[in-house]
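Chemist: As given, the protein sequences belong to chains A, B, C and D, one line each in that order. When we follow my numbering, the leftmost residue of the first sequence carries the number 15, and every step to the right adds one. When we follow my numbering, the leftmost residue of the second sequence carries the number 194, and every step to the right adds one. When we follow my numbering, the leftmost residue of the third sequence carries the number 881, and every step to the right adds one. When we follow my numbering, the leftmost residue of the fourth sequence carries the number 359, and every step to the right adds one.
A hint or two may mislead.
[Said to hold, decoys possible] With a Cα cut of at most 30 Å, we get these calculated DSSO-like pairs of lysine-lysine:
id : chain 1 : residue 1 : chain 2 : residue 2
1  : B       : 462       : B       : 342
2  : B       : 462       : B       : 451
3  : C       : 1062      : C       : 1135
4  : C       : 1043      : B       : 447
5  : B       : 275       : B       : 302
6  : C       : 1062      : B       : 275
7  : D       : 724       : C       : 1135
8  : C       : 1062      : C       : 1043
9  : B       : 275       : C       : 1043
10 : C       : 1062      : D       : 543
What the hints contain is simulated information worked out from the structure, not anything from laboratory work.
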Amino acid sequence: MESGFLPRTRFQTLLDALHRAGYRCVGPRVRDGAIVYDTLTRAEELPRGMRDRQAPGRYRLEQTGNPRFFSWANGPQALKPFVFAPQEPLWRSERNASGEIRFAEISPPAERLAIIGVRACDLAALRLQDRHFQEGVVADSHYAARRRNLILIAVHCTHPADTCFCVSTGDGPRATQDFDLALSELDDGYLVQAGSEPGRELAAQLTLTRATAAQREAAAREIEESAKSQTRRLPSRQLRDALFANLEHPRWNDVAERCLSCGNCTAVCPTCFCHSEAEEPTLAGDHSRHLRLWDSCFTQGHSYIHGLTIRADTRTRYRQWLTHKLGSWHDQYGRSGCVGCGRCIAWCPVGIDITEEAAAICGGGTHG
Amino acid sequence: MADPHVPHEAEVVERIQESPTIFTLRLRFTDPARHAAFRFEPGQFNMLYLYGVGEIPISIVSDPRDEHLFDHTIRVVGRVTKGFTQLKAGDRLGVRGPYGRGWPLRRAKGRDVMVVTGGLGCAPVVSVINYVIRRRDDFRRLVIMQGVKHSDDLIWRSQYSLWSRQRDTQVLVAADAGAALWPWHIGRVTELFDRVLIDAARAVVMMCGPEGMMRVAIDNLLHKGVPEDGIYLSMERSMQCAVGLCGHCQYGGKFACKDGPVFAYPEVKPLFGIRGF
Amino acid sequence: MNNARPRIAVHKFASCDGCQLAFLNLGEDLLALAQAVEIVHFAEAGPVDPDAAVDIAFIEGSISTPEDAERVRRVRANSRYLVTVGACATSGGLQALRNFADAREWLAAIYAKPEYIQSLATSTPISSHVKVDLELWGCPVSGRQLLAATRSLLFAVPPWYEKDKVCLECKRHQNVCVMVAKGAPCLGPVTRAGCGALCPAFRRDCYACYGPAENPNAESLARRFEGLGLMPEAVARRFLFINGAAPAFAEAGLKRRGKPHD
Amino acid sequence: MTEKREIPIHVPVLARVEGEGTLELRVRDGTIEELRLRIFEPPRMFEKLLEGRDYAEVPDMVARICGICPVAYQMSAVHAIESLFGAQPGPWVRDMRRLFYCGEWIQSHSLHIHMLAAPDFLGSASIVEMARGHAAEVRRGLKLQALGNDIIRLLGARSVHPVGARVGGFHRAPARAQADALREKLAAALPEAEALVRWTAALDLPADEQDFTAVSLRHPREYPMNEGRLVSSRGLDIAVSEFESRFVEHQEAHSTALHSLLDGQPYLVGPLARLNLNFDRLPSPVRTLADSLDVKFPSRNMYHSIVARALEIVVAMREAIRILEAYEEPVSAYVGVSPRAGAGYGCTEAPRGILWQRYDIDATGKIAAARIVPPTSQNQARMEADLRSSLQSLGTQQGEAALRRRGERVIRNYDPCISCATHFLDLRVRELKHG
Ligand SMILES: Cc1cc2nc3c(=O)[nH]c(=O)nc-3n(C[C@H](O)[C@H](O)[C@H](O)COP(=O)(O)OP(=O)(O)OC[C@H]3O[C@@H](n4cnc5c(N)ncnc54)[C@H](O)[C@@H]3O)c2cc1C
Ligand code: SF4
Ligand code: SF4
Ligand code: SF4
C-alpha cells in the first residue's frame, strides 16, 4: 500500500521521526572504500551519487554526481550482523570456592534499530534466517531479541551490480515482504510504501505529498529495467537433485585448486548461519564466558569430531557449501539458500563465481 | 524466553572407571525440581559442560525409568573429555538436554532386536541392551554383535559374558587380532553375519560405531533380508549447540542433533558412505 | 603459600623479546599470573634459574647456534609441557630468511670455516630440535593467547589453539576486505587467525605474522597476487617474510624466486 | 670474607635486563684486571636480511629487531627513507609520529622503572615481590605502562610490532572519538605520573658522580624525539647524516654486540643524556616539577637515570595530551612517495637513546645496504667503563655476591637492550664473504 511521495530535501524528516521513536538509525555510508551500514544521524551522511562497480573478487566505488542516495548495489554487509552477531557472549558461569557453578544468560543490548536502505534480497535472506533461528525446535533468544527491535526501511533496487542475480532466484529487485517501509528512489525524492503497522505509523509522521501517476510509472519502470539489466543467473534446473547427482564431478577438483577455503563467501552470505562456540575463562578461573562466533563450512573445525576431520580438503568443503546452499536448503527450509545477492562472488578474494560453478556442475548457462 | 543455550548445574554422585580411558559419571541436577522433571529416551544425549573448558554432546546411558540418577559414559579423546576425567563425586558441571531422537524402542517391541557396534564399543547401544534385558518379555530375540580391532579393546568384557547367558540372546564378538584366552571369534566381524539367527524381515537393528563398519554391516544385513527401514544407526557429527542452530552436525539436509542422532537407514542412505558428508 | 602451583619458566633464544613482553604487558593479569603459577625462571622479569625443573616452559626465539641447540634440549628435559611462543620459536622467525637468502654464498663459505657456518647458517624453530607440546603463533603472540594457554593448563586440559584463517576474524570484525576493495595483496586467506585481523582493520594487507593456517592454498593466492599486478619477485617477498620458513609459505615464495634451492 | 688473590666472577644470565647477557670480571689483588660485559645473544643479521627488500617493507622488518622499542626502529627507518625520497608528510603525520613515540617512551620507561630498576632500590628480586610491599606503586606503574601501550595501539593496532606505520605516514588515522577517549584517560593519569617522579626522586639512590660525554638529539624548540641535530656535552653539533664521520663502531672479541665510540671515546645516550642536554627544552610545568626535586639536572650520577625516565614519562604524557587535544581527522593519513636512488639517514630518540640508521636504496626502491646503530651498542663501552669504576670503588673485597648485585644494578641504569645490540651482521661474516 502506497502512502505518498517524500521529496529528497525532506529525507531528514524520516530520520528525525525514527530518532523520536527511540531508534538508532543505521544506513549506508562510505567507509574504507565500500558502502557499509553505519550509524546515520543526518541525511547528508548518505552516499549521495556513489556507484559501485563489482566483479568477481573486485569491488570499487566511484562518484557519479547523481543526486540519489541509493544508486548502488549491496556492499559486503547484509542484515545478518544486526540479528546474528559475528561474535557475542551467550552466557557466563561462575564457580565459587566450594565448587558450585552459577549460570547466567548474557542478554544482547536491547537497542531499537532502524535499518535504512535494505534491499529485497536481504529481506528474503532475513526471512530465511528467521526460519532458522526462530522457527525451529527452539527459538534463539539472542537472535529474537535483536530481531524484535528492528524496523526495516527498504529501498527497491534500481542499480544492481554485475554480480547480482536476484531475478533468477525470485528474490528481487522489488521488495515484497517483511519491510516496514519501502522506498522507490526517483530523481527528486521517494515513493513511500508502508508494509506494516509500525511502518504506517511512521509514514503518518512524514509530510508526504500525493504521488503522481507519472512518478509511479517511473518507479515501476526503473525496477523493471533493473531486473532486465541483470545478466548473471543460476541454472534454472532443480539444482538440488542435479548437485547430489554430481558429487564426483571433476569440477569439484577444479574449484578446489582455486578456492582458498577462507570462508569469506559464507561470512558475507546473508543466509549462512553456521557458528562455533568457545569458552573464555578468566586467568583466575573465577568466571568464564561462553561465546558464539561466526563459523564456516570452510574451516577444519566445522567438521571435526574427535580425531577425524570429515572434510579435511577444500574439495569436500566447497562441495558442502554448494550442495547445502543450493541443494539441501530445499530439504531444510523448502527453498534454496541463495537469494541472488552476489556477495559471495564479489567478496571472494579469488573471484570464484557461484553461478559459474553451479552451471559447470549442473549444466545450464550463467549469463542470460 | 528461556535461553536454550544456558546449562544447568548438576552434581556428580558417583564416578565409575570402566577401563583406563572410559568412565561413567552418574549425575543429578542440583535443583530438585529440575531433576524431578527430567525425562529422556534411550539414545538421546545431553550437552555436558566442563567449567571454563567447554561443552560436548554425550549420550545418556542409564535407564529412563531409573529416576534416581542419569548416567553418562565418556571416553577420553580430547580436551573436554580429558578434563572430565578429573571429576569425582561431589563435583559440579553443567548439563542441558535431553536432545535428539533416540532409539526406536517402541517400534522394536515384540520383534527381534539386533545391536551392532564397532570400534571401542558404543555407550549408546549398551543402554539399549540393558533396556531390552530389563524388559525381556517385551522383545523377542536379542542379538548383540561387536567387532574390535584387538581383543584388548573390548571393554565391558564381563558384561558380554553376562549377556550371552540371557535367554534368547546371541552374543557375537570378533576381534581382528586377539590375545590369549579370548573366548570369541578372531577375524572380521562380517564373518559373523552368517551365524546371526533372526527373523530378518521383522527385525529392528540398531547400530553405532565407525561409519565404514556400519556400511559393511548394512550390506550384510540387507543381504540377509533385513528391510532398509528396519535398520537404525546413530550418526556422530560435530555439535556446538545441539538445538539445530550451529549447523555443524548437518548431514545433507538433516541436522544430526535434532533429526537424529538416531536415523532410520533410508533417511541417510543417499549420502551414507560418501566421504565428506 | 600454595605449593601446588605449577612452576613455569620463560626462556629466550634468538628473538626480539617482543613475545616475552606479552607477559610483561599483561598489567593486572601479570600479578594474577604470579598468584596462579610460580615463575621460577624469567630472566627479564627477575627470577633466574634456567635449569630448574618446571611444569610449563615457554620458549621465545629460534635456534641458531650449537650452544642454543644444546640449551633447548636441557630445557626440554626439565619441563613437562613445552610451549613455543611467537614466530621465531615456531617457524624460525624473520631471521630464518637467511636459510634461503644466501644459500650459495653460505655454501662457498662452508669449506673455509665449517664450524662457523654451522653456527650461523640457519635459524630453526624449536620443533626442529625437541618435541613441542603447543605452538603459539604470532609475531608477537598476544597476552590473550598466553593467558588462554596457561588457563587451560591450570585446568589440566590441553590448550585449544587457533587454526582458522585471518579472513574469518576479519569478517567477524566486519572490516572491509582490502584485497577486494583496494586490490591489496592480503595474506589473510592463508594466515592463521588470532591477531584480531589487525592489518585489514588498519586498511592494509595482512603480512602473515601469525603463520600459515590449516589447509592454506598459498599457490592459488600467489596466482591471485600476480593477477593483481605483482611481479613474481614481489609475490615471493610477500611469502618469504616473518614466517617465510614455514613450509607452506616457503614453497609458494621460493617457486617464484626462481632460484634453485636445496 | 677473606681476600682472595684472584676472584673470577661470572654472572651467568643477567636478571632484569632486556635480553640476555653475562658479566665476567677477573680481580687480582683487589684490582679489576679484566671486565667483560658479554652479550651472547646470537646475531640475527638484520642488515643482511634487509638487502634486496622493498623500502615499503622496512618498517615491518626493523620493528622485529626489538620488541621493546619497535616504534623507534620504525621511526628512524621512515625518516631515513623519506629524507632520501624527499617526501614531505606534513604536520599531521609529524604530530602523530611524536604521539606514537610518546606511547613508546611511556611504555618502555614505566616497564623499566617498575619491572627492572625499582626492585633494586626496594630490595626486591622482582616486580612480583615488590607488589607485596608496594602494591599501589606497582599498580600505578602497570597503569602507566598500559597507557603507553594504548597510545601505540591507537596508531599501530598493537603495542609490540605495531602495524600502523608506513613510509609517508600511517596506514589509518584514528577516529576522533578514539582520540578523545584516550586524551581523557591520559589527563586523568597525569597526576600519577607526576607522583611517580617524586617517588623515584625520593628513592635511596647512591651518590656516584662520574665523568661522561652525553650525546643526544637537539631540536630548536622541542624536547627531542624524531628530529634534530646530534649534540654532545663536549660541543659536538652535527647533522644526522654526518654521524659516520665521528662515531665508529668496532667489534670486541668477547661479545656479539658492536661497541660504538665517539672520536675514539665512550659516550652515553639515553634519558639521562637527553635530559642533561635538553633540560631547557622541557615544557615549563615539567621544568617546575624537576626544579622542585632534590635530584638536580644536569646530573652526573647514573643512578639519576631512573628519575630522568620518570620525568620523560611526564614529558610524553603532556605532549600526548597536547597533540590529542588538537586532533583532527586528516583527509589522508599518509603521503605517497616515489623511490629515488641514494643514501638516506635517520636518527630518532629511542627510549634508550639515539637510534641511527642509514639505507642505500636503488632507483626501484630496493634496499642495497643498511646500517643500524642502536643505543645499546653505543652505551656498551660506557657501561663497561662504569662497571669498572663502580665495582672498583665499591671495593673488590666486598665479596662475590655484593659485586654481582652492584654490577647488575649499574648495568640496569643503562637499561641495555640486548636484542637491539645484537641485531647487526657479525663482522666475521663479512670477512667470510670476501674471503
Ligand atoms: C550425539 C552424540 C553423542 C555422543 N555420545 C558420546 C558418549 O556417550 N560417550 C562419549 O565418550 N562420546 C560421545 N560422543 C562423542 C563426544 O561428543 C566427543 O568425544 C567429544 O565431543 C570430544 O570432545 P573433546 O573436547 O574431548 O575433543 P576435542 O577433539 O579436543 O574437541 C572437540 C571439538 O571442540 C572444539 N573445541 C575445543 N575447545 C574449543 C575452544 N576453546 N573454542 C572453540 N572450539 C573448541 C574442537 O575444535 C573440536 O571441534 C557423542 C557425540 C555425539 C555427536
Ligand atoms: S550464496 Fe552468494 S549470491 Fe547467494 S545469497 Fe549467499 S552470498 Fe548471496
Ligand atoms: S569460494 Fe572464495 S570466498 Fe569462498 S572459501 Fe573459496 S576462496 Fe574463500
Ligand atoms: S582483508 Fe584480507 S583477511 Fe580480510 S577478508 Fe580480505 S583477504 Fe581476508
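Chemist: None of the hints should be skipped; say for each whether it holds.
Modeler: Results for each hint:
1. B:462 - B:342: Roughly 26 Å separates the two Cα atoms, so the pair holds.
2. B:462 - B:451: Holds: residue 462 (chain B) and residue 451 (chain B) sit about 18 Å apart, inside 30 Å.
3. C:1062 - C:1135: Holds - the C-alpha atoms of residue 1135 (chain C) and residue 1062 (chain C) are around 26 Å apart, at most 30 Å.
4. C:1043 - B:447: This hinted pair holds, its Cα atoms lying about 27 Å apart.
5. B:275 - B:302: Measuring from Cα to Cα gives roughly 38 Å; hence the hint is violated.
6. C:1062 - B:275: The hint is violated at about 46 Å.
7. D:724 - C:1135: holds (21 Å)
8. C:1062 - C:1043: Holds. Residue 1062 (chain C) to residue 1043 (chain C) sits at ~26 Å (cutoff 30 Å).
9. B:275 - C:1043: holds (21 Å)
10. C:1062 - D:543: Outside the cut-off at roughly 35 Å; violated.
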